[in-house]
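From first to last, the protein sequence lines are chains H and Y.
Residues in the first sequence are numbered from 1 upward in steps of one, following my numbering.
Residues in the second sequence are numbered from 1 upward in steps of one, following my numbering.
Think of the hints as simulated: they come from the structure by calculation, not from any bench.
Predicted model only: the values in this text are computed from it and were never measured.
Be aware that a few hints might be false.
[Said to hold, decoys possible] Within a straight-line C-alpha distance of at most 25 Å, the following computed SDA-like cross-link-like pairs (lysine to any residue) qualify:
no., chain 1, residue 1, chain 2, residue 2
1, Y, Lys34, H, Asp181
2, Y, Lys227, H, Glu204
3, H, Lys444, H, Leu431
4, H, Lys80, H, Ile99
5, H, Lys128, Y, Ser242
6, Y, Lys34, H, Gly206
7, H, Lys322, Y, Ser195
8, Y, Lys34, H, Ala203
9, H, Lys176, H, Ile99
10, Y, Lys26, H, Glu204
11, H, Lys79, H, Ala107
12, Y, Lys74, H, Leu402
13, Y, Lys239, H, Asn175
14, Y, Lys201, H, Leu402
15, Y, Lys64, H, Glu353
16, Y, Lys239, H, Ala107
17, Y, Lys203, Y, Glu49
18, Y, Lys204, H, Leu391
19, Y, Lys203, H, Pro351
20, H, Lys144, H, Asp82
21, H, Lys347, Y, Gly57
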Amino acid sequence: MIAMLCSYPRCLDHSKSFGSHCYRNYFTVLGLFCVYFLHTIFASSQYFSLLVPIRSYSSSVPLTAETYADKVQRNQAYKKLDEGDLAYFQSILEPNQIISNNEDDLAFYNEDWMRKYRGQSKLLLKPKTTEQVSEILKYCNSNKLAVVPQGGNTGLVGGSIPVFDEIILSLSSLNKIRSFDNVSGIFKCDAGVILETADQYLAEQGYIFPLDLGAKGSCHVGGVVATNAGGLRLIRYGSLHGTVLGLEVVLADGTIVNSLDSLRKDNTGYDLKQLFIGSEGSLGVITGVSILCPARPQAVNVAVLAVDSYESVQKVFNDARKELSEILSAFEFMDETSQILVSKYLKLDHPIESDSYPFYILIETSGSNKEHDDEKLETFLGNAMENGIVLDGIIAQDETQLRSLWNWRENIPEASQMQGGVYKYDVSIPLKDLYGLVEAANEKLEAAGLVDFEDISKPVVKAVGYGHIGDGNLHLNVAVRKYSKEVEKVLEPFVYEWIQSKKGSISAEHGLGFQKKNYIQYSKSPVEIALIKDIKHHYDPNGILNPYKYV
Amino acid sequence: MSTSKLRILVPVKRVIDFAIKPRINKTQTGVETKGVKFSINPFCDIALEESIRIREGNKDLVEKIHAVSIGPTKAQDVLRVALAKGADTSTLIDVGEEEVEPLSVAKLLQKVVEKENSNLIILGKQAIDDDSNQTGQMLAGLLNWPQATNASKVEIDGDNVTVTREVDGGSDTLRAKLPLVITTDLRLNDPRYASLPNVMKAKKKPLEKLSASDLGIEITKRLETLKVEEPPVRQAGVKVESVDELISKLKDLKAI
Numbered sequence: 001m002i003a004m005l006c007s008y009p010r011c012l013d014h015s016k017s018f019g020s021h022c023y024r025n026y027f028t029v030l031g032l033f034c035v036y037f038l039h040t041i042f043a044s045s046q047y048f049s050l051l052v053p054i055r056s057y058s059s060s061v062p063l064t065a066e067t068y069a070d071k072v073q074r075n076q077a078y079k080k081l082d083e084g085d086l087a088y089f090q091s092i093l094e095p096n097q098i099i100s101n102n103e104d105d106l107a108f109y110n111e112d113w114m115r116k117y118r119g120q121s122k123l124l125l126k127p128k129t130t131e132q133v134s135e136i137l138k139y140c141n142s143n144k145l146a147v148v149p150q151g152g153n154t155g156l157v158g159g160s161i162p163v164f165d166e167i168i169l170s171l172s173s174l175n176k177i178r179s180f181d182n183v184s185g186i187f188k189c190d191a192g193v194i195l196e197t198a199d200q201y202l203a204e205q206g207y208i209f210p211l212d213l214g215a216k217g218s219c220h221v222g223g224v225v226a227t228n229a230g231g232l233r234l235i236r237y238g239s240l241h242g243t244v245l246g247l248e249v250v251l252a253d254g255t256i257v258n259s260l261d262s263l264r265k266d267n268t269g270y271d272l273k274q275l276f277i278g279s280e281g282s283l284g285v286i287t288g289v290s291i292l293c294p295a296r297p298q299a300v301n302v303a304v305l306a307v308d309s310y311e312s313v314q315k316v317f318n319d320a321r322k323e324l325s326e327i328l329s330a331f332e333f334m335d336e337t338s339q340i341l342v343s344k345y346l347k348l349d350h351p352i353e354s355d356s357y358p359f360y361i362l363i364e365t366s367g368s369n370k371e372h373d374d375e376k377l378e379t380f381l382g383n384a385m386e387n388g389i390v391l392d393g394i395i396a397q398d399e400t401q402l403r404s405l406w407n408w409r410e411n412i413p414e415a416s417q418m419q420g421g422v423y424k425y426d427v428s429i430p431l432k433d434l435y436g437l438v439e440a441a442n443e444k445l446e447a448a449g450l451v452d453f454e455d456i457s458k459p460v461v462k463a464v465g466y467g468h469i470g471d472g473n474l475h476l477n478v479a480v481r482k483y484s485k486e487v488e489k490v491l492e493p494f495v496y497e498w499i500q501s502k503k504g505s506i507s508a509e510h511g512l513g514f515q516k517k518n519y520i521q522y523s524k525s526p527v528e529i530a531l532i533k534d535i536k537h538h539y540d541p542n543g544i545l546n547p548y549k550y551v
Numbered sequence: 001m002s003t004s005k006l007r008i009l010v011p012v013k014r015v016i017d018f019a020i021k022p023r024i025n026k027t028q029t030g031v032e033t034k035g036v037k038f039s040i041n042p043f044c045d046i047a048l049e050e051s052i053r054i055r056e057g058n059k060d061l062v063e064k065i066h067a068v069s070i071g072p073t074k075a076q077d078v079l080r081v082a083l084a085k086g087a088d089t090s091t092l093i094d095v096g097e098e099e100v101e102p103l104s105v106a107k108l109l110q111k112v113v114e115k116e117n118s119n120l121i122i123l124g125k126q127a128i129d130d131d132s133n134q135t136g137q138m139l140a141g142l143l144n145w146p147q148a149t150n151a152s153k154v155e156i157d158g159d160n161v162t163v164t165r166e167v168d169g170g171s172d173t174l175r176a177k178l179p180l181v182i183t184t185d186l187r188l189n190d191p192r193y194a195s196l197p198n199v200m201k202a203k204k205k206p207l208e209k210l211s212a213s214d215l216g217i218e219i220t221k222r223l224e225t226l227k228v229e230e231p232p233v234r235q236a237g238v239k240v241e242s243v244d245e246l247i248s249k250l251k252d253l254k255a256i
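Could you put the whole structure together from the sequences, leaning on the hints where they help?
Written out as structure tokens, the structure reads:
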């Protein structure tokens, strides 16, 4: 007998119900907004490969320049794009690397996925090589043309969206994997490689990208480095400031800085690459990344637990760190309302069926030995149940369940905005005060008479909180039915002042971008801000890189 | 015998996880199993879920749910899952790493049916590793019981069991009396998660270990696998710049 390898999904596919979650979610979202960041939901879903980003463009998103006219005006020092500029770009790029004067085609790049910011760029360039990036910047710098570098456009603070007519420099065509050394685990790739593509490539070699986040199916490796994204596994693998070994960067004047090192240790003076990690495209354009990747864990477990208070969340975290120690790879908390919203969004019942609980915790362990990990996790969970901290819980028994459980955490951003929009605050606060911000925000909104979970005449649905307890990182999402100045005035600067009073940071991982450009003083001292401005001025004297944003 | 209590037998198989892409081993004799995640076969999971729902939906009707797995020692993991989800007792028939063909599986199961005095067998229509889709049918034959395959709905009323089956272009509704063999299709239900308290309780539930010879069955192979290979790789498409180019390409390919 000659047996052909059965591709496993086949026997499941003809009858669609096994994948019904996928189909159902996909269409819900399609109706709401773009397909573009859908990957966030089903990171590995095979169904996506067939999808093309189709967005119909009768955009209702107001122009950033109009919404924030009181905050920001176009800097007339920047040149306005003319035919001569276009002709130059046409001389150095292929026709399919340029989109100009086509509002529909440009709309996708002019707008963020939250439908909050919309720019008016007339030109999109898609360089395929670092040299092309260099030529473009050199020209823009000498002609004072403002530029917005853009990756996967999954940002949350409007950092990758033009404010006025800046040229969009998309790195999406600079997307080759350069090399991988399977002894050292050092991976090098172009900036425009999609995070999930990089991770899948590494998975085949038995390695893992040391960063994971909800938007992995769309976001670029260069983008996550430029914004110093934190993500779901920071607790395990640390921040990009540690894992990135080298960068290739093009400066504003076109100079190519190549420090794409493969060295773990290099103690020869200033560590320049660190400046670009988290610079949000304001100092240079990252074109290549060299990063140290750990071996991929062989055994992964996921459990979701229910607890009665934020205090219990902290207790469970303390115990988890002690008892699970080296295998703990994620510790996420989610409040009750966030789960109610996800339940509505996915049109599914919550997997913990016994009751609705004030807080939920998602724990992930990753290790090399399943028996060892299972035993550790079960002992830990058994103890937590016995001493009454954990009220109920579930453990994923297979890969499908494991991914489904993650969905209840990863879909909160989409679920929070499905009724119209969401104000997002991503903040670091000392653990004991972390959830206090969500309560304070809800009190404040209630006092202003703006919030009601059911009543659709109120602008705000509710403020929900979730995040990475392991990193002291809270995501405060204020789910709204529409964006309004009224709500914004209640929230800002209140939220920032509250964070400052607790000695927190106003941006834990999303960056400052456009949203928080005027609030940097809540987290940085005047001396620090002056230093930042010095550096910016030194590397980009004409200020052509990502203007109107945080510096 | 008007309202007999149900003694349900649920066979569960340990297979490479549905969500993992299988790879062929270097010798091309099968699929690489080292360092690969194994889970309960999805169809078996549905069978288990159905038996638990029968118990939940019909108070006092179910006397017990017994799970059985035939496989290596590690197959006890899937039995623990079955126990955590709601099976009462379980049996592992340890056959080592050897692959067991459907007929031998059916013969082993027949012995377990006799041992457990089961009167309803709910099992997956097929396992996703070998896609045989034979065990349920062979077992019904050996026992000389009625069978309802590819079930998408199961209703129990006294000794009468009504099963809706998925067939091409519609559904087919059958009724039979106990004892009965039912094989499950995908639309039957959505399996649950194992709750933490139940995972803990499952550790104390019985897991009996037997070998094939304990049941008086000798496992024989009738088939030999000569070669396992990947399906042919799909060729990449080409982009064309214009309609004219498209037409000329199509002509080159003799498509028009």
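To see whether the hints hold, each was checked on the structure:
A distance of roughly 23 Å separates the Cα atoms of Y:Lys34 and H:Asp181; the hinted pair therefore holds under the 25 Å criterion. Restraint check for Y:Lys227 and H:Glu204: satisfied, since their Cα atoms lie roughly 23 Å apart, inside the 25 Å limit. In summary, the hint linking H:Lys444 to H:Leu431 is supported, as the alpha carbons are separated by about 21 Å, within the 25 Å threshold. For the hint linking H:Lys80 to H:Ile99, the alpha-carbon distance of about 17 Å falls within 25 Å, and the restraint holds.
Between H:Lys128 and Y:Ser242 the CA atoms are separated by roughly 22 Å; this keeps the pair inside 25 Å, and the hint holds. Distance hint between Y:Lys34 and H:Gly206 is fulfilled; the C-alpha atoms sit about 13 Å from each other, no more than 25 Å. A hinted pair counts as satisfied when its Cα atoms are at most 25 Å apart, and H:Lys322 with Y:Ser195 qualifies at roughly 23 Å. Straight-line distance between C-alpha atoms of Y:Lys34 and H:Ala203 comes to about 15 Å, which keeps the hinted pair within the 25 Å bound.
With a C-alpha separation of about 22 Å, the suggested pair H:Lys176 and H:Ile99 falls inside the 25 Å cut-off, and the hint holds. About 15 Å separates the Cα atoms of Y:Lys26 and H:Glu204, which keeps this hinted pair within 25 Å; it holds. Restraint check: the Cα-Cα separation between H:Lys79 and H:Ala107 comes to about 22 Å, which is no more than 25 Å; the hinted pair holds. Between Y:Lys74 and H:Leu402 the CA atoms are separated by roughly 20 Å; this keeps the pair inside 25 Å, and the hint holds.
Between the alpha carbons of Y:Lys239 and H:Asn175 the distance comes to roughly 18 Å, so the proposed pair stays at or under 25 Å and holds. A distance of roughly 21 Å separates the Cα atoms of Y:Lys201 and H:Leu402; the hinted pair therefore holds under the 25 Å criterion. For the hint pairing Y:Lys64 with H:Glu353, the CA-to-CA distance comes to about 23 Å; that is within 25 Å, so the pair holds. With a C-alpha separation of about 24 Å, the suggested pair Y:Lys239 and H:Ala107 falls inside the 25 Å cut-off, and the hint holds.
Among the hinted pairs, Y:Lys203 with Y:Glu49 is consistent with the structure: their alpha-carbon atoms are about 19 Å apart, no more than 25 Å. Under the criterion of a C-alpha separation no larger than 25 Å, the hint pairing Y:Lys204 with H:Leu391 is consistent with the structure, at around 21 Å. The straight-line distance between the Cα atoms of Y:Lys203 and H:Pro351 is roughly 22 Å, inside the 25 Å bound, and the hint therefore holds. This hinted pair checks out: H:Lys144 and H:Asp82 have alpha carbons roughly 12 Å apart, not beyond 25 Å.
A hinted pair counts as satisfied when its Cα atoms are at most 25 Å apart, and H:Lys347 with Y:Gly57 qualifies at roughly 24 Å.
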